[in-house]
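Participant: Chain A is fixed; fit chain B onto it per the hints.
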Amino acid sequence: MKKEPPLQDFINGDDTALKEVYVEYRLPFINFARKFQLEQDEILDIYQDTIIAMHENFISGKVEEMRSSIKTYLFSIGKYKIYAYLRANRKMNLLNDKDLPKTAAQEYDFEINENPLTEQQVLMRNGLEKMGGRCRNILELFYYRGLTIDEMRISEGYENNNTVKSQKSRCLKKLKEMILNPER
Amino acid sequence: MPEKIEGNDFKSGAMNQEEFIRSYLNSRLNETEKVEYKRLLATDPEFRKEVEFQTDLKATFSKMTGERMKAKLKTFEDELAPSKRKPYGIWLAAASVIVIIGVSLSLFLNNNASSDQLYMAYFKPYENVVQPITRGQSEEASKTEIFMAYEKGNYEKAEKGFQKLYETTNETYYLLYQANALMADHQLKKAIPLLEKQLAFNDEFAEKSRWYLALAYLKTGENTRAEELLREIVNKQGYKANAAKEILKKFE
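Chains A and B supply the protein sequences, listed in that same order.
If you use the numbering used here, the first sequence closes out at 185, no skipped numbers anywhere.
If you use the numbering used here, the second sequence closes out at 258, no skipped numbers anywhere.
Please keep in mind that the hints were generated in silico from the structure rather than gathered at the bench.
Treat the numbers as computed from the prediction; the structure is a model and nothing was measured.
Don't take each hint at face value.
Pairs of lysine to aspartate or glutamate residues, derived as DMTMM-like cross-links and limited to a Cα-Cα distance of at most 25 Å, are as follows [unchecked claim]: (1) LYS166(A) / GLU24(B); (2) LYS170(B) / GLU157(B); (3) LYS131(A) / GLU178(A); (4) LYS78(B) / GLU178(A).
Chain A with its partners taken away, still in its complex shape (with noise of 0.2 Å):
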């Protein structure tokens, strides 16, 4: 059997990784979604929104365990964005509507990428840009990757969980202070 990409790489946000995933699957999708009628170019705009997708109910622990490969996890999700996406651009005539999914399931749930940014958010975003990379990185494994504090000592290096706890609130008293004073 084919050896599938690293998938804890992948999500981690390796680029190698990443770019394995994207040769590995793409042709393959190509091929599933020219059934839809689409463009070369609208297939490859949702093939990468499905990649970003997938990575993104890994992180938010959408997947407990794969029970099946990545290729059919991706290509699922993949399915129910073409199928949104025909429907946004009124090409549903082209699909036999018992075929169609009428709810999501729960690891298919993705909207959070395709929502515009709150007010907040934006303040948030800017604020987090404007700070140090360290800063915004551990801000980052914390409470996006989910890491636990163990986790961030061994990946980030430090010396022990107090410098870990000390650092991360440091960072986020910056950030709330950035989002309170966003002309700072």
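Facilitator: Only chain B this time, still in chain A's reference frame:
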């Protein structure tokens, strides 16, 4: 995983409450914990404020990560297919040169031919066998004009024309010509469904459609489907059976 949370104990330290909420957002709470989470959300304004903060922060990071990934994926795509438009042109130019000069196809076939090269070597727009190009009657004029555009290589005009002709006459061979015009104009993705449709009519033009569909699949990298069709062509001893046999040999 965050440290075990029992009942309300996590409230004893800010850290625990933070992790409790984070665990909820990462779908890591068990059913009992979820009940507790909902209760706190409904009753404790401080708790709710923290939930809102973390939810926003997570969504913000998610957006930033998504955008970063999208940019990366686009770069990968550019590396994979820098070709998208331009090299198609080169490829088509090469194809016409081959057809025009009549260089022996075997030149390509003796090497390890890729599907691309095979397509390049074999694709030649299906000739006009329908409409003699003469100055004819007025009702035939637009048809003549469209076929003339096709023969002259004005594929964009021809493609639109064939589409209209098909819509007005329902003659299935227009699908074949429309597909050919698209293929010559390097729009294989659009040509494939037309050929599939023509093929399904199973009429006298179907064997031509089968051949062009096989070539289109070759070009788009769907070698398995191409192979299936080529075998069918060989078995039926239909249009281009010898050429199909040659290509199949290259697969072996």
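Participant: Failing hints, ascending?
Facilitator: As far as the earlier hints go, only 4 is violated by this structure.
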